[in-house]
Amino acid sequence: MEADAARVVIRRDGDIVEARQKGRELAQQIGFAGSDLTLIATAISEIARNIVVYANQGEISLSIAEKNGRRGILVVAQDAGPGIPDIERAMRDGYSTGNSLGLGLPGARRLMDDFEIRSTVGQGTTVTMRKWRT
Amino acid sequence: MAIPILKQGDILIASLQAAPTDQDLVQLKDDLAERIGRLRSRGVVIDVSALDVMDSFATRTLRGIAHATKLRGANTVIVGIQPDVAFAMVRLGLSLDGIATALDLEEGFAWLQPPPIAEAPRGS
Numbered sequence: 001m002e003a004d005a006a007r008v009v010i011r012r013d014g015d016i017v018e019a020r021q022k023g024r025e026l027a028q029q030i031g032f033a034g035s036d037l038t039l040i041a042t043a044i045s046e047i048a049r050n051i052v053v054y055a056n057q058g059e060i061s062l063s064i065a066e067k068n069g070r071r072g073i074l075v076v077a078q079d080a081g082p083g084i085p086d087i088e089r090a091m092r093d094g095y096s097t098g099n100s101l102g103l104g105l106p107g108a109r110r111l112m113d114d115f116e117i118r119s120t121v122g123q124g125t126t127v128t129m130r131k132w133r134t
Numbered sequence: 001m002a003i004p005i006l007k008q009g010d011i012l013i014a015s016l017q018a019a020p021t022d023q024d025l026v027q028l029k030d031d032l033a034e035r036i037g038r039l040r041s042r043g044v045v046i047d048v049s050a051l052d053v054m055d056s057f058a059t060r061t062l063r064g065i066a067h068a069t070k071l072r073g074a075n076t077v078i079v080g081i082q083p084d085v086a087f088a089m090v091r092l093g094l095s096l097d098g099i100a101t102a103l104d105l106e107e108g109f110a111w112l113q114p115p116p117i118a119e120a121p122r123g124s
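Chains A and B, in that order, are what the protein sequence lines are.
Take the first sequence: its letter number 52 is residue 52 in the numbering used here, and every next letter is one higher.
Take the second sequence: its letter number 23 is residue 23 in the numbering used here, and every next letter is one higher.
Worth flagging that the hints you see were computed from the coordinates, not collected in a lab.
One or more of the hints may lead you astray.
Claimed, not checked - Ranges between beta-carbon positions, derived for each pair:
no.: 1; chain 1: B; residue 1: 6; chain 2: A; residue 2: 89; range: 43 to 51 Å
no.: 2; chain 1: A; residue 1: 29; chain 2: B; residue 2: 70; range: 29 to 37 Å
no.: 3; chain 1: B; residue 1: 118; chain 2: A; residue 2: 31; range: 53 to 61 Å
Claimed, not checked - Covered stretches of chain B (in silico footprint by chain A; criterion: 3 or more residues with CB under 8 Å from a CB of chain A, positions within the stretch not fixed):
no.: 4; stretch: 7–15
no.: 5; stretch: 52–59
no.: 6; stretch: 100–112
As the list claims (entries may be wrong) - Here are some chain B residues pointing at chain A (derived, C-beta under 7 Å):
no.: 7; residue: 18
no.: 8; residue: 38
no.: 9; residue: 81
no.: 10; residue: 84
no.: 11; residue: 86
no.: 12; residue: 87
Idealized CB from N, CA, C, for every residue including glycine.
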């Protein structure tokens with residue numbers, strides 16, 4: 001059976017590379033091609049880095065999404081870090097508390113089709129994003 | 001894995017491999033700064049043609065390298081950004097404003113060559 005899902009534990013910067021490579025592989029299996037593969041891999045890279053920088057540890061699971069006969073990729077990034085007190089602000093371009101460009105979350109949202117973020121201070125953050133095949 | 005740096009004349013060439021980690025990029029910054037001083041280099045070419053992703057961290061680090069080398073007296077040109085990667089960078093909101101870029105190594109070298117000395121006007 002072909003692997004139709006993958007899970008990558010994110011602890012250090014090398015894991016970011018692994019997560020985006022696994023994401024690219026799965027997206028390719030689903031039938032994405034060309035620039036979509038790069039968009040998906042880049043979005044995974046951004047949210048994986050957020051885990052390393054802000055939460056130290058977490059995981060990214062990748063799977064096939066299906067809705068109304070359409071296929072796509074589902075990426076869920078989960079951590080038990082400090083959480084984001086002000087999500088609206090974190091979603092704004094150029095806002096960062098971590099000495100970065102502040103493009104991670106808003107940038108990932110622009111790269112994907114669906115983007116959802118849930119965060120509870122002191123408990124952690126979950127980012128759910130999907131991209132559908134055209 | 002450290003990113004190899006080659007020397008050709010007074011130019012340094014760093015060829016990024018397929019998937020450098022954040023740590024590799026940070027080390028490249030230090031390695032280049034040191035070598036520019038030791039080898040008295042005047043130009044740096046960073047070849048990113050093997051990269052399939054340029055995320056915000058990679059872009060910020062490359063920008064930092066270009067600015068730091070400039071302060072050390074060397075110009076940096078980034079070459080080989082792939083079409084899909086360029087497209088993703090734009091969507092992400094990343095730019096390399098103020099940083100020299102070129103299509104490939106050859107164009108990068110051409111950009112670093114000193115301009116021909118203009119013929120001094122002769123009074124007759």
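Do the hints match the structure? See the list:
1. For the hinted restraint 43 to 51 Å between residue 6(B) and residue 89(A), the CB-CB distance of approximately 44 Å keeps it satisfied.
2. Distance hint check: the CB atoms of residue 29(A) and residue 70(B) are about 44 Å apart, inconsistent with the given range 29 to 37 Å.
3. Distance hint check: the CB atoms of residue 118(B) and residue 31(A) are about 57 Å apart, consistent with the given range 53 to 61 Å.
4. Check result for the stretch 7–15 of chain B against chain A: violated, 0 residues qualifying (beta carbon to beta carbon below 8 Å, three or more required).
5. Proximity of the stretch 52–59 of chain B to chain A, defined as three or more residues with a beta carbon under 8 Å from a beta carbon of that chain, is established by the 7 residues found.
6. Counting residues of the stretch 100–112 of chain B whose C-beta sits closer than 8 Å to any C-beta of chain A gives 0, which falls short of three, so the coverage hint is violated.
7. Given hint, residue 18(B) at the interface with chain A, is violated; its Cβ is 9 Å from that chain's nearest Cβ, farther than 7 Å.
8. For residue 38(B), the suggested interface contact is broken, since its CB lies about 28 Å from the closest CB of chain A, more than 7 Å.
9. The beta carbon of residue 81(B) is not positioned within 7 Å of any beta carbon in chain A (closest approach about 11 Å), and the interface hint is therefore violated.
10. Taken as an interface hint, residue 84(B) checks out: its beta carbon lies about 4 Å from the nearest beta carbon of chain A, inside 7 Å.
11. Here the hint on residue 86(B) is broken, as its CB sits about 9 Å from the closest CB of chain A, past 7 Å.
12. Against a cut-off of 7 Å between C-beta atoms, the interface hint on residue 87(B) holds, since the closest Cβ of chain A lies about 5 Å away.
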